[in-house]
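Number of protein chains: 2
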Amino acid sequence: MRNYLIIPLLAFALNLTAGDNDSVVARKFFNEELLHGKSYEMLDELCHDIGHRLSGSEGAAQAVKWGEAIMREYKFDRVFLQEVIVPHWVRGAQEIARIQRANSDETINVPICALGGSIGTGKDGITAEVVEVRSVEELTALGEEMIKGKIVFYNRPLDATLINTGAAYGGAVNQRHKGAAEAAKFGAVGAIVRSMTTKLDDVPHTGSMKYDSVGVKIPGGAISTLAANKLSELLAVEPDLKFYFQMNCETLPDVKSYNVVGEIKGSEIPEEIILVGGHLDSWDVGHGAHDDGTGCVQAIEALRLFKVLGIHPKRTIRAVLFMNEENGIRGGKKYAELAKQNNENHIAAIESDAGGFVPRGFGIKGTEEQVSGVVAWKPIFDDYNMGQIAKGWGGADIGPLKDQGTALIGFRPDTQRYFDLHHTKEDTFDKVHKRELELGAAGMATLLYLLSEYGL
Amino acid sequence: MRNYLIIPLLAFALNLTAGDNDSVVARKFFNEELLHGKSYEMLDELCHDIGHRLSGSEGAAQAVKWGEAIMREYKFDRVFLQEVIVPHWVRGAQEIARIQRANSDETINVPICALGGSIGTGKDGITAEVVEVRSVEELTALGEEMIKGKIVFYNRPLDATLINTGAAYGGAVNQRHKGAAEAAKFGAVGAIVRSMTTKLDDVPHTGSMKYDSVGVKIPGGAISTLAANKLSELLAVEPDLKFYFQMNCETLPDVKSYNVVGEIKGSEIPEEIILVGGHLDSWDVGHGAHDDGTGCVQAIEALRLFKVLGIHPKRTIRAVLFMNEENGIRGGKKYAELAKQNNENHIAAIESDAGGFVPRGFGIKGTEEQVSGVVAWKPIFDDYNMGQIAKGWGGADIGPLKDQGTALIGFRPDTQRYFDLHHTKEDTFDKVHKRELELGAAGMATLLYLLSEYGL
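Chains as they are written, first to last, in the working numbering: chain A, 1 to 456; chain B, 1001 to 1456.
Because the hints were derived from the structure by calculation, they are not lab data.
Where hints are given, some of them may not hold.
[Stated by the list, open to error] Derived BS3-like pairs (lysine-lysine); straight-line CA-CA distance at most 25 Å:
#1 A:K402 - A:K314
#2 B:K1431 - B:K1391
#3 A:K425 - B:K1431
#4 A:K391 - B:K1378
#5 B:K1230 - A:K38
#6 B:K1333 - B:K1402
#7 B:K1425 - A:K431
All chains, full assembly: derive it from the sequences and hints.
Following this line, the structure appears as structure tokens:
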């Protein structure tokens, strides 16, 4: 009987030692990053030397070169590109929009931006009366009689009472994504949508939209929240006012681009891979700093910390800068396709694509066992104020790995500030806080370490 | 035997109901605040119409009137002032400082600000060689021979590896607080200190210092962190360089000022009081937005939420805007003195004085029973991402209530950004995030409610 007793006790003792050691390693990552981190400096380069980088753009091509060069500079064991054919949508000259009052010559300028993927309006723009709706259901109930020849104005705000602004965004974004396609079915000539933010200001937020594969295409744009409020107020008293907008966007032929991958080979179980990544492309405004420059530099930094601290992961760890998250996720799809083709075994993938704000924890999309495996490390992360670890969302780029049984892990920063600047000209380097960014990078390195030591 | 079983079961059932209802009330506070809150608007007024407001200043006098007027406007049951005699220190004309190189005529301008309470340097300023130290212990070890006639330069940085920047501040601030007094004992002619921040920039941070009641007084100033690094680098190669600084500050006679108090009377146990407060004074730079405009408006807002939602607290709740936290805590002391004199029973006091950033939770200074009483409500706050509730620091203004058995509760926002702007011209309204501020106000209202319903 004694042996039965000794074995669990021994395991318990070993476990404690392992746990203690894990905390020591975590502390090393955090100390190194907070004292000598490179993530902020990398982000500075990406934002100021390259700037925004929509798929197919010159910025995106430069960003690929930058990502490859910096991973080589940090001497990752292997650095390579994965070819991806991406869409190439361009905004063209600055958009214009105006409210034309019904009972006077007065016009009111409206901050607007085309939605990614939209067709343009032509040089003369579109002028029409406006039908305001809060949802696709309301649009459908109004029907063709009320919609035909008009501009549909989607004006359901984000639900400000939700504490997680990501959930508020999720509850409103279908207006942007399929609003134009749905409005076209009823003969609308254009669609405009209230910007996807809880903030009241004059900054329009771009983002993806999608047409149906069949059916008429009409232009779709986003107007600022203040303009949306103004338009709604005026419509209440002047239902026959007109809206004018002119947009010069178009979709050009697809372009060749790349995912950028850097790897440190596992010392004991190299065939098991743990991925950490963000997306390299951004919308064509601002710097794409929080979306998703921060995710890219945190991923690179996580691997760099292993190198600089001389920590050899047992399993292979990979930093991946995905191309084309914003308008196609073709990089994420290609990555999963190649992983399958090459018989690679990704046990877990971590994505940082919710901004570089102060960390709260991680969300896990996977089996109960995978979720509880990550949740078990909560005490280590509690020391860094990032112990909110629970079942949740992984990430758009890593999503296609789901079929391969990979645990998908989303880095969770605090959400309060993200949608103030998401997809706007305001998403610039100066909005990123150095320590907040670093805490995320060190936290991701710590999770990579635990996954590479113990698997899932 | 049956009765013994039934009673706890019944209590359990009631408890569940109470818990459910508490969550409903919490949700009401948060919804109201996030949709129709006034805290941000109040802070806008305080910052832009009044601005900074050091004790004894015209700004402080205006702020008292503002606080009283707004509490009357919100129709709190009782609004009153408590007279407090406060120090009146003034900065005078802009300070100047320069490094004078040892081997050339070159001088380097240094951003400096006088520490609150310091004497001035006189019109001609002070020029002397510099002795750099990391601590008072190092200063003492050097002794009079090395210090006499020189300027002591305290250059121990905040420990950037601490996740809680408040702890990093706490580990460095004695250099600012007593650096000049200690240096004077060894014959120094002046003291300068590295600014109390982890951020590297050109912004000097003011803050309080204290002279010994006996002994020589020498001027004390803070230089920016970049300037501190530069000075330290130069001293390593040019130990006989000189430092010049000129400051025009002085202490004028004490001035009459006030704490501002607003109250909603308890419906069942009015003699038990729960306080929520911040401090109305600020340093004489920037807007005093995060320090502590946010605490003031959150306290007022917490009571306003009860009024607007028609929630009647069982115990009396009080919003207190304390005067003179920054350089004397005379408002806090006076409040406690009057509470004792009037035989008031403060069962708990909540202070928000760590910035208006996104909430993390609350710290409690009190008996084990008081701590566990508040910790028991953690599940309610977890819904709002502010469930870090544990034994900890209360607040400077409520500190003097400790002797009366009051549980002291500190509101804990995230700490990463606070010391970037603490006590500087950068602490302005635009640095406050509307939703973050509101989440704090609603969280404080929720805790007030729980305390007023159940006591401690």
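>> Could you work out which of the previously given hints the structure breaks and list their numbers from low to high?
In response: Going through the list in order, the structure violates hint 2 alone and respects the others.
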